[in-house]
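Starting from the given sequences, assemble the full structure and let the hints guide the process.
In this text, residue positions in the sequence shown follow the UniProt record's numbering: the first is 1, and each later residue adds one.
Honestly, the hints are just simulated from the structure, not real lab data. Treat the numbers as computed from the prediction; the structure is a model and nothing was measured. Be aware that a few hints might be false.
[To be verified] If you anchor each label on the Cβ, the simulated ranges turn out as follows:
#	residue 1	residue 2	range
1	Pro227	Pro276	55 to 61 Å
2	Val529	Leu397	55 to 61 Å
3	Ser480	Lys505	20 to 26 Å
4	Ser400	Ala437	45 to 51 Å
5	Lys505	Pro564	30 to 36 Å
6	Val529	Arg477	18 to 24 Å
7	Pro564	Gln501	37 to 43 Å
Every residue, glycine too, gets a C-beta built ideally from N, C-alpha and C.
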Amino acid sequence: GWLFWRGTACGRRCGGSKRQVIFFTLCVCVCQSGAETLRYSLAEEMERDSFVANIANDLGVAPSQLAARRARVVSEGKEQLFHLNQNTGALTVKESLDREEICPQSETCTLFFKIFFENPLQLIRGEVEVRDVNDNSPVFPEKEVVLEILETTPPGSRFPLESAQDKDVGDNGLQNCSLGSNSHFSLALGAGKDGVKYAELVLERQLDREEQRELNLLLTATDGGSPPRSGTAQVRIVVLDANDNVPVFSREIYAVRLAENSPPEQLVVRVAAADPDEGSNGKVRYAFTQTPERSQQVFELNPATGEIRVAGSLDFEEAKTHEMVVRATDGGGLSARCKVQVEVLDVNDNAPEIALTSLTASVAEDAPPRTVVALFSVRDRDSGDNGRTECSIDGDLPFSLTPTFENYYELMTNAALDRERTAEYNITITATDWGEARLSSRESIFVQISDVNDNPPQFTQEVYTLSVTENNSPMLRIGSVNATDADAGKNARVSYALVRQEGKKQPDVSVSSENGDVYVLRPLDYEEVRAFEVAVCAADGGSPPLSAQAVLRVVVRDENDNAPVVLHPPPDSSAAAGELVPRWARAGYLVAKVV
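See the structure below:
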């Protein structure tokens, strides 16, 4: 269904300015299927606002209908590439189109757009094929290619060349490659399975370095455009002297033993390869090959002398051996290889490491001997005696260490504990290896002793004597009793109480259960009771509780609260008192007695 406007049944008219007719030829094709899809063709690099087609004519509608129905064109993608003139129906490009930028390395380049009509709503699909024009020349990756070829290279040898690239496609793309006239090389062209063209230099005649040291060839790539475009590159052939002797190492394997604490720049070994050739063909240079990256970081190789020296830090624990391959290459490219094996000797450079596996936060003071407190392991990354370890505890403590399995130890009690004497222990464990210069490390373990109710309260006195003046006020505080408990927590919490004695009346005093204060419950009378004793009990809060007793003696002090009373003669006697005294009574004679 392609209809070209020139001389076709569609009778489409290709509009455009006179300037467009002069500078380019525009081919427009239109296809209007049942689905109303418009197809056009446009050459790339057309100027801005170049005419594509007249949409009104192709759709058979009057231009006035475009404006009335608000027709507009929308390109697929982010960038809007076309413009629709609602007055004339002309579809034009907004900017010059570059096919190589829009559709790189694609044989066809099609741009899709849609035309929207309103009242009623209608959508027309459209396509514009952007045709390639020959606007790009073939380009080689490098302007000059240098090939070094031995003079002994046999004829028929091939040397691949980097192919030229042409951004254009089809006939405008790369079509041919040619080589300038010369007496030694020809050019072979081919294509891979993927269709990519390649070129190879073919040696037709033996090279002779003594006759000609260098050859300069001109490589030309041509496309199929009209007129064709081309690109060139210089191929410089450097003829190398024949190298018929391979370097030979004095040994195939160099075995070295090296301490892991070897300092940087220390010489490890010197490899040597001899080449009887002369000049550059006999000059040998050394390099690592097939050698792990870590080994290349630890050792450095002098490319001229073959000396291998220490460059980084050796670590026996990380790598016990290093195997390197050294390649000796002469100036002609011939090479030989040897192995260098370095055995790293262990040095006691790692202190033992202590790692706690489990730890009991606290141990009861009544724990029996051999109670396990902690489990830990000791590790030394060295080997032999350098990695053999022993452990000990600093100080005279009621703990001991017992090896269990492999490198594990148990920290356990070896004597009775008494929290009241020592409430906590800071145990320092020392791990030491058996190296010549012995290394050690320390780990501190904090162990807290938990309390057990093994101490009864103790009164500060066996007998407490308190005094109170008679006629006291009720609930008078006259003093206190005090008992202490060496335990901790609730085991040390002391409460007080009077010990009741059966058959005796309730005492006139009370004791505070919390602080031991002693109170007199009611007024006392010295003339009735001058002193009395009660027993006081102090009990702790343990389970079961422990207790102790003390004697509380209360002494009543007298107060002048009684007037004298005349007993004789009776004060209520009505008879007058009278006594007879003899005349002869001398001084001091008892006359009477008043009570």
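- Message: When the structure is checked against the list of hints, which entries are broken? Sort them ascending.
- Response: 4
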